[in-house]
Amino acid sequence: MQAAQQDTVRTGAAVLAADGMARLQHKTIGLVVNHTAMVDSTHLIDLVDRAPNVELGALFGPEHGLRGEAEAGEEVKDGRDAKTGAPIYSLYGDTRVPQSKMLDGLDALVFDIQDVGARFYTYISTMGLAMQAAAQNDVDFMVLDRPNPIGGEHVSGFVLDTTYQSFVGKYPIPVQHGMTAGELARMIKGEAWLSGLDALDLEVVSAENWSRGKLRPEMHLPWIAPSPNIPDFETALVYPGAAFFEATAASEGRGTDAPFKLVGASWADPQVLAGTLDARDLPGVRFEPATFTPESEDLAGKQAKGVRHVITDAEAYRPVATGVHVLHAFYQRAPEPDSFLTRPDWLAKLSGTDRFLEMLEAGKRPEAIIRSWQSEVKAFRERRKPYLLY
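Position one of the sequence shown corresponds to residue 1 (my numbering), numbered consecutively onward.
Mixed in with the good hints there might be a few duds.
Straight-line Cα separation of at most 20 Å, EDC-like style, residue types lysine to aspartate or glutamate; simulated pairs [stated by the list, open to error]:
hint, residue 1, residue 2
1, K305, E361
2, K349, D338
3, K189, D138
4, K27, E153
5, K378, E153
6, K378, E361
7, K302, E234
8, K364, E382
9, K385, E191
10, K214, E336
11, K364, D354
12, K27, E208
13, K305, D354
14, K83, E55
15, K77, E55
16, K214, E191
17, K349, E246
18, K378, E246
19, K364, E297
20, K214, D278
21, K189, D201
22, K302, D354
23, K305, D345
24, K385, D138
25, K101, E69
Simulated from the structure, these hints should not be mistaken for laboratory data.
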């Protein structure tokens, strides 16, 4: 028990709370948070609201809302927090950028949202836009850091070509970037990826007892689903590769009890796909034939046939490379590839490039696709070094 306590990760929010909110004393604060901003069993909103000499001025909610209940892409409305009386401004509705009137009277914005380590997970886009708004309105910005649940050592996937910049890909980083939100904030400012950040007063409150190789199960922290379709650690681990299926007519398992771990299409042969993928001996995973009926997305209420990812070794598992293999296996067996990859523009936004689709269409093997991003990933790993905190 004592060893577990010593190994338990303390988030930036826990460090801030243990210090009596000293960094926030005599300030009016806006919180950019959702339901993951917990310190033990208490939400950061409540900790700030009852802290002496700290004024809670406003709340800002990202995609999925302040309570994390909205589905992906669902618009989130403004409101008022019943408990504290603070106004709630949605950053996933009429605007995704905090407006000047929302920041009026604030001394600092404090960001505390659990990320999952994938470039297209939108919380890091919200963070950058909030940083930009803070800089433009002479408001300080603080990140209460949280560990990357899928680790900080492995980096993989195409680096974003800014031609395909969007809310699901705002920065020139790989799909699996291996960084924390705090490290990314430092890099966004340091690399001037967004305009006007030179004047930003940025502070990162680092987590404690986390090292880059430590995955979520080793952190001794409770799992709080950061969005409705990331219910557990294994889903977060699979997500950076399985999310490519969002660009297809197949199901990525939304509306089932195993989103992203289940992928399937109406025409697929589960036995053949599972056998094909298992024969590739991909590290850390095996595949089971699966038939399922999703409750949402394109195949809602219809039978989908495909595979279930079964993680056998989380440390060895390579999410993006596995995603390329699985998408390739489906693509090669689709009756009409064009009717399978129905959203090529979305695939370009998710992967960050048009090269992925071009290589699939040219019949390139998964190994060639994976090799094609190695040099840019190597360059990124060097570029990120000055910004790492762990």
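Taking the hints in turn, this is what the structure says about them:
no.: 1; hint: K305 to E361; result: violated, 23 Å
no.: 2; hint: K349 to D338; result: holds, 18 Å
no.: 3; hint: K189 to D138; result: holds, 15 Å
no.: 4; hint: K27 to E153; result: violated, 36 Å
no.: 5; hint: K378 to E153; result: holds, 12 Å
no.: 6; hint: K378 to E361; result: violated, 26 Å
no.: 7; hint: K302 to E234; result: violated, 25 Å
no.: 8; hint: K364 to E382; result: violated, 28 Å
no.: 9; hint: K385 to E191; result: holds, 12 Å
no.: 10; hint: K214 to E336; result: violated, 42 Å
no.: 11; hint: K364 to D354; result: holds, 14 Å
no.: 12; hint: K27 to E208; result: violated, 25 Å
no.: 13; hint: K305 to D354; result: violated, 28 Å
no.: 14; hint: K83 to E55; result: holds, 14 Å
no.: 15; hint: K77 to E55; result: violated, 24 Å
no.: 16; hint: K214 to E191; result: violated, 27 Å
no.: 17; hint: K349 to E246; result: holds, 11 Å
no.: 18; hint: K378 to E246; result: violated, 27 Å
no.: 19; hint: K364 to E297; result: violated, 29 Å
no.: 20; hint: K214 to D278; result: violated, 27 Å
no.: 21; hint: K189 to D201; result: holds, 10 Å
no.: 22; hint: K302 to D354; result: violated, 31 Å
no.: 23; hint: K305 to D345; result: violated, 25 Å
no.: 24; hint: K385 to D138; result: violated, 28 Å
no.: 25; hint: K101 to E69; result: violated, 26 Å
Checked against the numbered hints above, the structure breaks hints 1, 4, 6, 7, 8, 10, 12, 13, 15, 16, 18, 19, 20, 22, 23, 24, 25 and satisfies the rest.
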